[in-house]
Amino acid sequence: MFELKDYHVAYGQSEVIKNMNFTLNPKEIVAILGRNGMGKTTLMKSLIGMIPSSKGSVTLQGKELKAMKSHERVASGLGFVPQGRMVFSTMTVQENIETGLTSTKRNSVPDDIYSMFPVLQEMRKRRGGNLSGGQQQQLAIARALASEPSVLLLDEPTEGIQPSIIKEMAKTLKQIRTQRNLSIIVSEQVLSFALDIADRIIVIEKGEIVLDTPRDAVDESKIAAYLSV
Amino acid sequence: MFEEYTMSELTSIFAMQGFAGLILFSVLVLMALGLAIIFGQMGVINMAHGEFMILGAYITYLTSIVFSEHLPDLFSGYFFLAMILAFLGSFFLGAFVEWSMIRHLYKRPLDTLLATWGLSLILQQLYRTIFGAREVGVSIPDWMMGSYPITDLIEVPINGIFVMVLTLFISLGVYLIMFKSSLGKQTRAVVQNRDMAGAVGINTEKVDRYTYAIGCGIAGIAGSAFTMIGSTGPTAGQLYIVDTFLVVVFGGASNLLGTIASAFTISQAQSTLEFFLSGSMAKVLTLLTVVGILMLLPQGLFALKIRR
Chain A
1 MFELKDYHVA YGQSEVIKNM NFTLNPKEIV AILGRNGMGK TTLMKSLIGM
51 IPSSKGSVTL QGKELKAMKS HERVASGLGF VPQGRMVFST MTVQENIETG
101 LTSTKRNSVP DDIYSMFPVL QEMRKRRGGN LSGGQQQQLA IARALASEPS
151 VLLLDEPTEG IQPSIIKEMA KTLKQIRTQR NLSIIVSEQV LSFALDIADR
201 IIVIEKGEIV LDTPRDAVDE SKIAAYLSV
Chain B
1 MFEEYTMSEL TSIFAMQGFA GLILFSVLVL MALGLAIIFG QMGVINMAHG
51 EFMILGAYIT YLTSIVFSEH LPDLFSGYFF LAMILAFLGS FFLGAFVEWS
101 MIRHLYKRPL DTLLATWGLS LILQQLYRTI FGAREVGVSI PDWMMGSYPI
151 TDLIEVPING IFVMVLTLFI SLGVYLIMFK SSLGKQTRAV VQNRDMAGAV
201 GINTEKVDRY TYAIGCGIAG IAGSAFTMIG STGPTAGQLY IVDTFLVVVF
251 GGASNLLGTI ASAFTISQAQ STLEFFLSGS MAKVLTLLTV VGILMLLPQG
301 LFALKIRR
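Protein chains in written order, with the numbering used here: chain A, 1 to 229; chain B, 1 to 308.
Calculated directly from the structure, the hints in this document are not laboratory data. The beta carbon of each residue, even a glycine, is placed where N, CA and C say it ideally should be. Wrong hints could be hidden among the right ones.
[Claimed, not checked] Among chain A residues calculated to face chain B with C-beta under 10 Å, some are:
hint, residue
1, N19
2, N21
3, N25
4, K27
5, E28
6, A75
7, R143
Looking at chain B on its own, in the form it has when it is part of the complex (with noise of 0.2 Å):
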């Protein structure tokens, strides 16, 4: 398949699929940090990811109109506002979701595959009713438009490196939150024994609310990062549910470090391969590939070392 390029053409080929991939992976990355927290950590299989994301692109598509019809002059930094916006908004309706749902439901993890799967159900006919079903698209800013060449065949468009920068941030924080704040000790403990949590003198129901709002709010700036590379419609986040759930468990469920590099992997091997055979294809290598390699290493690429 490689027999009717030159080499240097060959060269940006994977240049720039790299550089395509890596955008697959900044909104991977996103999405699989949240479900990390809430599948990897509290062990909720929240089917309902995608449309918390999307939640997150529809808000940012509504600070895009709202700036853009009021405050015209103010429009090239909505996307820092939006941002923000998307996190609060999936955040608060995740508190809501784990106090009316999930709260229920953590001695039957099971049970919140099928719960969560009815909310995705009910969330995405909200979106269909409210939005409309076509799809819809929001206009960047003009510093983000246009790409950077590095060579004469090699360019990289400016909002991908946007995004890029913006995962790395958020991971960094998800990380501080996690292994350095009280409240990361505080979901550690909740997730590992939660009534001997309970017994230590942490209040359990507010731990739990705080993780899986904040998994949600997560999948919030994820969908806002999404905004940049697709189109938003009530169904998009259900395209990125499946990738996010092979990410988390082929990552090592519990770890944060897995979870990256396992979407690097995946979404490098995605995209390159997508550029010479067709997209089906690629997806069926990749998951094979996984799929194999899960098959030796059945607790994900790292697992934590300890007596159990």
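With the rest of the complex left out, here is chain A (with noise of 0.2 Å):
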């Protein structure tokens, strides 16, 4: 449903992304790993229009999202969770939700998203800059939520958050597929992450897949060497 061929990113003349092909399937968690700077959140940030792809194509549903801008791309059914939350921090955590609803004819927060993250309707008051990272990340993902996309994307998801509250990210990830019926492609770097939510493991470097295979197939140690300086 979701398909890259040929697909490459470039600033200026330095290739970051090369001749990137895949294809994801409807209802198919996968991870995209790999060590920092081999080009997973440039890869990321040109899927939802921030960075402008040079070559290939990029089709959600058959349609052809390479000339869109974001918010035409978030209307067509992608959602963006950036690295580093990104949540508006002088705006609460309602208005943040809100801000997601944008591309929808919604004007109020559907009551699914709160009961998915109750912490944030208890704290919907509060300005999204005075929340904890694990709060953040939250918020984040309900902000992206809140656009009802077919493909979520997450980049590096797990960054700055303590390992307990990743367990439980895995599982709130999961639940999220199975209740809205989408997608997710998540960068990743920490292994055991992946390998707990991804049903496709699929590793970069330099721009380029090295790897793709099934989570069932996955040899640990193979993708630990590629992972490791």
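Bring the two chains, given one by one in their own frames, into a single complex with the hints.
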């Protein structure tokens, strides 16, 4: 349903993502692994349209997204949770989630979002910037879900979050997938989290896919070797 | 400096200068509300803000002429139509300027200073060519003339009261737009992080255009109000731009309540001091105080307390 073909991203002359091809299936969770500087964040940012792609195509349910602006991509069904959360810090929790409703017809936060993240309901009058890291991560996910995406992109969601909460997050994300019938692409450095959550693991190195394997057939030591410096 | 006045004279001087200050306050608040949106929220250093105000003033002047020549029966109500036209005129000019100029400069906020300064020169010359270098005055309808005596010594002008009521409503309107409407929410999101706002589904280009245009439109209304207390000339806007920036920075750039409080402080200080000292001494004292306070509170009077 979500497909990259011959996909390239470049900053000026230097190509960061080279000739990437892959297809995401409905309700699939794919983890993209790779060391720092291998192009994970660049890939994610270009998929949501913050950085233009230089060549190739990206389609969602047959619709070409390449020429679209970020907000049009969101309206077509992409949701994005950036690295470092990027919640709107001077706005309240509720207002943060409401910004995600812009591309929908709704104007109040649907109940199921609050029931998924009860802590956000409790804190809905607080400013986003005054939440803890883990709470901000939940807020960023809730904000992305508010636009009712069919594909959710998460860029390093575990960064700066304590291990016990990482476990819980994996559970929540799987739950979201079943409840809302969406597919998830998550970029990661933490192997255990990726193995916990993903149906399929992709390893990228220097902007190219070097390994693409279903979760069940994973050779942990081989992936660990890719991730070690 | 107080010796030559009796106690009751002093009271009335303070009351009347205070009231005169309130009219200045109204114009400053209207100017500053627009600028608080454009500069405080969007980060665009809009040096042409005064010219947007003067556009509103000229539109008011034109409307008054049209009414007095063709619709003398309705002259007493022309001001309301003039205000709406002034808003629309500045709004559309603002939208055009955003589209042609400002939108290319969001990543380089300091360059907006030069670009809008150039724009302000262009507009000034345009006004001079179209309306002439001489200042024009607007004739005020009868019901706004005269003043309302409170005591023997204290009188308040009716047009002053009108301008203040107007300011009150517009401040309320701006507050509702920025903090209660969905456009306001989107604006604040875009201002904080343009890329991220796009990535949650906000059409950032549209939001930028509306925000800038509304800020300019409010300056146009300020221009309408301005015609009641001063005469309109091509460069009249320049006299206000520095004061307006001062108000916005002093109030805390992203806080509307701070903007109003600081406009009040500055205009009152200015107006009361002007009576006893010369105009420039009054300005020097006001500026010194503002600079002193800003050294202690670099974020302005009211800053939001959040983790950054």
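Consistency of the hints with the structure:
no. : hint : verdict
1   : N19  : violated, 25 Å
2   : N21  : violated, 24 Å
3   : N25  : violated, 24 Å
4   : K27  : violated, 22 Å
5   : E28  : violated, 22 Å
6   : A75  : holds, 6 Å
7   : R143 : holds, 6 Å
Checked against the numbered hints listed earlier, the structure breaks hints 1, 2, 3, 4, 5; every other hint is satisfied.
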